[in-house]
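Enquirer: Next come the chains, spelled out residue by residue.
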Amino acid sequence: MYQEPQEIKMNKNVINNTDIKVCCTTCPKECVITVHLKKGVLDSVEGEGCKRGKKFAQKEIATPERTLTSTVMVECGDKAYLLPVKTAAPILKKDMALAMNVIRKTRLIGPCLMGVVVIPNICGTGVDVVACRSIKEENHAC
Amino acid sequence: MKQLDYDIVVIGGGPAGMAAALKAKEKGATVAIIERNDELGGILNQCIHSGFGLSYFKQELTGPEYAELFINRVAAAGIDVYLNTMVIDLTPARQVKAMNEDGMLVLSAGAIVLAMGCRERTRGAIKIPGSRPAGVLTAGLAQRYVNIENRKPGERIVILGSGDIGLIMARRLTLEGMQVLGVYELMPYANGLYRNIKNCLDDFDIPLHLSTTVTNIIGYPHLEAVEVARVDENLAVIDETREVIACDTLLLSIGLIPENELSQKSGVSLNPRTNGPLVDEDLETDQPGIFACGNVLHVHDLVDNVTLEAEQAGDAAAAYALQQKTAAGVSETGSAENKATIMIGPGENVGYTVPAKMTVPSPKEIRILFRVRRPLEQAEVVIQAGTKILYQGKPRAFKSSVMEAVVLKPEEVNGLNGTEQTIIVSVREVK
Numbered sequence: 004m005y006q007e008p009q010e011i012k013m014n015k016n017v018i019n020n021t022d023i024k025v026c027c028t029t030c031p032k033e034c035v036i037t038v039h040l041k042k043g044v045l046d047s048v049e050g051e052g053c054k055r056g057k058k059f060a061q062k063e064i065a066t067p068e069r070t071l072t073s074t075v076m077v078e079c080g081d082k083a084y085l086l087p088v089k090t091a092a093p094i095l096k097k098d099m100a101l102a103m104n105v106i107r108k109t110r111l112i113g114p115c116l117m118g119v120v121v122i123p124n125i126c127g128t129g130v131d132v133v134a135c136r137s138i139k140e141e142n143h144a145c
Numbered sequence: 000m001k002q003l004d005y006d007i008v009v010i011g012g013g014p015a016g017m018a019a020a021l022k023a024k025e026k027g028a029t030v031a032i033i034e035r036n037d038e039l040g041g042i043l044n045q046c047i048h049s050g051f052g053l054s055y056f057k058q059e060l061t062g063p064e065y066a067e068l069f070i071n072r073v074a075a076a077g078i079d080v081y082l083n084t085m086v087i088d089l090t091p092a093r094q095v096k097a098m099n100e101d102g103m104l105v106l107s108a109g110a111i112v113l114a115m116g117c118r119e120r121t122r123g124a125i126k127i128p129g130s131r132p133a134g135v136l137t138a139g140l141a142q143r144y145v146n147i148e149n150r151k152p153g154e155r156i157v158i159l160g161s162g163d164i165g166l167i168m169a170r171r172l173t174l175e176g177m178q179v180l181g182v183y184e185l186m187p188y189a190n191g192l193y194r195n196i197k198n199c200l201d202d203f204d205i206p207l208h209l210s211t212t213v214t215n216i217i218g219y220p221h222l223e224a225v226e227v228a229r230v231d232e233n234l235a236v237i238d239e240t241r242e243v244i245a246c247d248t249l250l251l252s253i254g255l256i257p258e259n260e261l262s263q264k265s266g267v268s269l270n271p272r273t274n275g276p277l278v279d280e281d282l283e284t285d286q287p288g289i290f291a292c293g294n295v296l297h298v299h300d301l302v303d304n305v306t307l308e309a310e311q312a313g314d315a316a317a318a319y320a321l322q323q324k325t326a327a328g329v330s331e332t333g334s335a336e337n338k339a340t341i342m343i344g345p346g347e348n349v350g351y352t353v354p355a356k357m358t359v360p361s362p363k364e365i366r367i368l369f370r371v372r373r374p375l376e377q378a379e380v381v382i383q384a385g386t387k388i389l390y391q392g393k394p395r396a397f398k399s400s401v402m403e404a405v406v407l408k409p410e411e412v413n414g415l416n417g418t419e420q421t422i423i424v425s426v427r428e429v430k
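So the sequences go chain by chain: L and Z. If you read the first sequence in the numbering used here, its first letter stands for residue 4, the second for the next number, and so on. If you read the second sequence in the numbering used here, its first letter stands for residue 0, the second for the next number, and so on.
Looking at chain L on its own, in the form it has when it is part of the complex (with noise of 0.2 Å):
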């Protein structure tokens, strides 16, 4: 079993440059994009392979969001099974740290399925946290 949580390090969004390298995550191909800034504001973006990628490039130099994956405890009859989640739209990278505080505690009773919701609205994002397989009594235990 898991200790207490301790406080989990995340970087801060460095935006003061004028060009910003940016990794387009949404899809294999990782392009990298480049966005120009003027005095800290986004003055035109550069290097993307498709619409997707420039809407990426805005998103992430100032408000980048992340899907979050963990696993709940899930207990069904005496056994106990890890149930893997996610969270089903992308959240704010900020709020990774909170959120994972919230699923930690998390406890699940009985079989469930796949997709279901195990966490709605965690803190507050507005985005729920879903099951990511079924569990039943005959897989594997944990």
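Treat the hints with care, as some may be off.
What the hints assert, rightly or not - If you want the footprint, here are the derived chain Z segments under chain L, 3+ residues with CB under 8 Å:
{"no.": "1", "stretch": "1-8"}
{"no.": "2", "stretch": "37-51"}
Said to hold, decoys possible - Subject to a maximum C-alpha distance of 20 Å in a straight line, what follows is the list of computed PhoX-like cross-link-like pairs (lysine-lysine):
{"no.": "3", "chain 1": "Z", "residue 1": "K57", "chain 2": "L", "residue 2": "K57"}
{"no.": "4", "chain 1": "L", "residue 1": "K139", "chain 2": "L", "residue 2": "K97"}
{"no.": "5", "chain 1": "L", "residue 1": "K32", "chain 2": "Z", "residue 2": "K408"}
Bear in mind the hints are in silico, worked out from the structure with no lab data behind them. Don't be surprised by glycine CBs; every beta carbon is placed ideally from N, CA and C.
With chain L's structure known, arrange chain Z on it following the hints.
Expert: Same frame as chain L, now just chain Z:
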């Protein structure tokens, strides 16, 4: 001893085995999957991070989700699945001996698909000096402990190697409250995908030390510290840079080896460059009717590519088995004497190619997969047979962490004569 007959027996129930089985079933073959674990899905079940399925399902999935979508398809298709079953022998005559709680099984197959995956390189593979304490483990084992078994590997973690599993575990352990002190990489460049460097290390301020390696393991019976040192351009340790770092866990993410002991039992020849079977354009090994796909063939970085490759192997295996059945006793149809085998191999800056050979004339296009040996900033793919250039790509950047694919059309290769020509895939630097 139970005797069973199938058109196709697939060995391994991970993403490759499931995709191959589904494709073969779709072509009308009777199919069995043999899996040694207690569930299908293979390594995907412990890969709880997202980033899977971007090209195959056109959406971002986690490993368990990708697996469950396939597990449901396998269940719906009427494929026989043998779980908790270990294959212990495979003969060139395509007889599979397996064992489970009920005893021995002997399965006779029209064709075999090898889909056993790969395993991690361990400390012994790179001969790190020092004591032999607890607390030194592979990144994938730590991943299983944390994501499936609910066990904590340690408190203060050092990671050797910048492979994708190591990077993903750096993030995972940090999120679970452990302290990841740093990732150390012998080479002057990272081995993992760039998205993982960014999302797993940079997001959490975990330092990546390039051209640095672990030179000593200290402590017994439990790990107490590791010694790290920088290396020069010849990868020789620079003595004055030695530094001791107190830690209780060393994770190794130093590469994967296709698991081919069983393949070799059946007489399949391996490609020394991939440690996987030597295959032709149908992913058939040099033992007729034995096909291979997924990480047992060569190590992939994206499961979507594994699925595509496995579908190709399943398709070809079904065609082989069904043809053998209908034309029992009759030798291969078509004019075999007009066909020639052309070898395909790596040239400048290329580590390997899959397939390693093909038959011409070919009725269909051929997809050649390869990997560069080192990162190249500006380079172009050149595929040639003798002096004839079959394909030339546009100059761009190449990374050794990314698998490359080039598709050759039948008309581009059918003029070749196998007795005198080899296809060489090179990636040439453009200055």
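Enquirer: Against this structure, judge whether each hint is valid.
Expert: Hint check:
Coverage of a stretch by a chain is defined here by at least three residues with a beta carbon nearer than 8 Å to that chain's beta carbons; for the stretch 1-8 of chain Z and chain L the count is 0, and the condition is violated. For the stretch 37-51 of chain Z, the stated coverage by chain L is satisfied: 7 residues place a CB nearer than 8 Å to a CB of that chain, which reaches the threshold of 3. This hinted pair checks out: K57/Z and K57/L have alpha carbons roughly 19 Å apart, not beyond 20 Å. Taking the CA atoms of K139/L and K97/L, the gap is near 34 Å; set against the 20 Å cutoff, the hint is violated.
Among the hinted pairs, K32/L with K408/Z is inconsistent with the structure: their alpha-carbon atoms are about 24 Å apart, more than 20 Å.
Figure legend: structure checked against the earlier numbered hints; hints not met, in rising order: 1, 4, 5.
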